[in-house]
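Undergrad: Letter by letter, the chains look like this.
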Amino acid sequence: MAFAVLALARTRNLFAVVVLSGIYSFLMATVLVALDAVDVAMTEAAVGAGVSTVLLLGALHLCKSEEAKPAHRPWLPLLLSLATAALLIYGAMGLPDFADPNAPIHQHVVPRYLQNEIDVPNVVTAVLASFRGYDTLGETTVVFTAGAGIIALLRRRKHPKAVLASFRGYDTLGETTVVFTAGAGIIALLRRRKHPKSGGGGDGK
Amino acid sequence: MESSLVLRVVGKLLIPFILLFALYVQFHGDFGPGGGFQAGTISAAGIVFYALIFGLDKARRVVPDRLVETMLAAGVLLYAGVGVAGLLLGGNFLDYFVLDQDPVHGQHRGIFWVEAGVHITVCGVMLKIFYMFASRGQREEKEE
Numbered sequence: 001m002a003f004a005v006l007a008l009a010r011t012r013n014l015f016a017v018v019v020l021s022g023i024y025s026f027l028m029a030t031v032l033v034a035l036d037a038v039d040v041a042m043t044e045a046a047v048g049a050g051v052s053t054v055l056l057l058g059a060l061h062l063c064k065s066e067e068a069k070p071a072h073r074p075w076l077p078l079l080l081s082l083a084t085a086a087l088l089i090y091g092a093m094g095l096p097d098f099a100d101p102n103a104p105i106h107q108h109v110v111p112r113y114l115q116n117e118i119d120v121p122n123v124v125t126a127v128l129a130s131f132r133g134y135d136t137l138g139e140t141t142v143v144f145t146a147g148a149g150i151i152a153l154l155r156r157r158k159h160p161k162a163v164l165a166s167f168r169g170y171d172t173l174g175e176t177t178v179v180f181t182a183g184a185g186i187i188a189l190l191r192r193r194k195h196p197k198s199g200g201g202g203d204g205k
Numbered sequence: 206m207e208s209s210l211v212l213r214v215v216g217k218l219l220i221p222f223i224l225l226f227a228l229y230v231q232f233h234g235d236f237g238p239g240g241g242f243q244a245g246t247i248s249a250a251g252i253v254f255y256a257l258i259f260g261l262d263k264a265r266r267v268v269p270d271r272l273v274e275t276m277l278a279a280g281v282l283l284y285a286g287v288g289v290a291g292l293l294l295g296g297n298f299l300d301y302f303v304l305d306q307d308p309v310h311g312q313h314r315g316i317f318w319v320e321a322g323v324h325i326t327v328c329g330v331m332l333k334i335f336y337m338f339a340s341r342g343q344r345e346e347k348e349e
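First to last, the protein sequences are chains L and W.
Under the numbering used here, the residues of the first sequence are numbered 1 to 205, in order.
Under the numbering used here, the residues of the second sequence are numbered 206 to 349, in order.
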């Protein structure tokens, strides 16, 4: 995975970048399987490696396949991301060990989730659909909103010739933002859907 | 989009099983890993696969735009409808215990419909985004 990330950062050919991010997603899915979070792994494989790769290739079809040289030196963003990573790692050191049965999260609501009174063997489904039904309704609405936003932005215009090139620029910016929002939403959904058996909040993923 | 014989044959063989697996993940979600999100993305991926191999127009004939747009909203409405059904039957919003005589069975019923709603919306959104991007590329080719 580290190799995939380094190659991602160095490559200027966007096609290679898309393929590499697909590979990264698949590796991530295997890591999630190893962490016993099969639900998340399945989604990561289908969304991250499958659908989003296809979507990125579709977007690539619409623009140049070489990334332009950056206008600025990347030192400030690099410093910022390194600082954030250091902060996160420092924070993760304070978390309980992975799969530690005495972690606070396992003393609180998890026993009730595991012996749930609604008789659904898959704890993830029980938590997702029943205990946290409101959350999931909200998540579904987020997904719906992302789709509605895409429709609003990309719907075919009645007079394509009237669309000026400068307007297209805004379109593309908007598209990127919506795709980013959709992606961020999906990532947010996936990240929180952890398998309660696999260590709860303890793994810092 | 023309593609090779191998892709066509393998695609024809695999796509029914992808869709079947999506249904399995959906309905077996109570017992094994899976649920609405996963099943929705898998079935969308199956149709995207079909579109990649046989062309967007054929995929649009199988799953028309109107259906996809309906799915988008229908899933959320189905989910919220389950909540309202709980209200009408005398419980709280999204209270599944009142959906059946037996509370545990009511929970199962509620989870089933809620997951179905999630599936429909997720699948619709994925397909819609794909259609939008793919058709945009096609139009520009025609213009050139």
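Possibly wrong hints are sitting among the right ones.
[Claimed, not checked] Looking from chain L toward chain W, a few residues come up when the C-beta cut is under 7 Å (computed):
1) Asp-39
2) Gly-50
3) Val-51
4) Pro-111
5) Val-120
6) Ala-129
7) Leu-137
8) Thr-140
9) Val-142
10) Val-143
[Claimed, not checked] Stretch by stretch, here's where chain W covers chain L in the computed footprint (C-beta under 8 Å, at least three residues):
11) 6–16
12) 53–66
[Said to hold, decoys possible] Some chain W residues judged to face chain L by a derived CB distance under 10 Å, without partners named:
13) Gly-245
14) Thr-246
15) Val-253
16) Ala-256
17) Gly-260
18) Gly-280
19) Tyr-284
20) Tyr-301
21) Val-303
22) His-313
23) Thr-326
24) Val-330
25) Met-331
26) Met-337
27) Phe-338
28) Ser-340
The set of hints was computed from the structure by calculation and includes no laboratory data.
Here a beta-carbon is modelled for each residue, glycine too, at the ideal position from N, C-alpha and C.
Undergrad: Interface hint check: Ala-256 of chain W, Cβ to nearest Cβ on chain L, cutoff 10 Å. Holds or violated?
TA: Ala-256 of chain W check passes; min Cβ-Cβ to chain L is 9 Å, inside 10 Å.
Undergrad: Classify the hint on Asp-39 of chain L as holds or violated, based on whether any CB of chain W lies nearer than 7 Å to its CB.
TA: Interface hint status for Asp-39 of chain L: holds (5 Å vs cutoff 7 Å).
Undergrad: Using 10 Å as the Cβ threshold, decide whether Thr-246 of chain W counts as touching chain L.
TA: 4 Å, holds
Undergrad: A closest beta-carbon separation below 7 Å is what the hint needs, so does Val-51 of chain L meet it against chain W?
TA: 6 Å, holds
Undergrad: Taking 7 Å as the limit, does the beta-carbon of Val-142 of chain L come near enough to a beta-carbon in chain W?
TA: Nearest chain W Cβ about 10 Å off; hint violated.
Undergrad: Hint validation: Leu-137 of chain L versus chain W, beta carbon distance must be below 7 Å. Holds or violated?
TA: This interface hint holds because 5 Å falls under the 7 Å limit.
Undergrad: Should the interface hint for Thr-326 of chain W be scored as holding, given a Cβ-Cβ cut-off of 10 Å against chain L?
TA: 5 Å, holds
Undergrad: Val-253 of chain W was flagged as interface toward chain L. Is the shortest Cβ-Cβ separation under 10 Å?
TA: This interface hint holds because 6 Å falls under the 10 Å limit.
Undergrad: Under 10 Å, Cβ to Cβ, is where Tyr-301 of chain W needs to be relative to chain L, so tell me if that hint holds or is violated.
TA: Holds. Min distance 6 Å.
Undergrad: Next item in the hint list is Met-331 of chain W. Is there a CB on chain L closer than 10 Å to its CB?
TA: 6 Å, holds
Undergrad: A closest beta-carbon separation below 7 Å is what the hint needs, so does Ala-129 of chain L meet it against chain W?
TA: 4 Å, holds
Undergrad: Close enough to count: is the Cβ of Val-330 of chain W nearer than 10 Å to one in chain L?
TA: 4 Å, holds
When each numbered hint is compared with the structure, violations occur for hints 4, 9, 11, 17 and 21.
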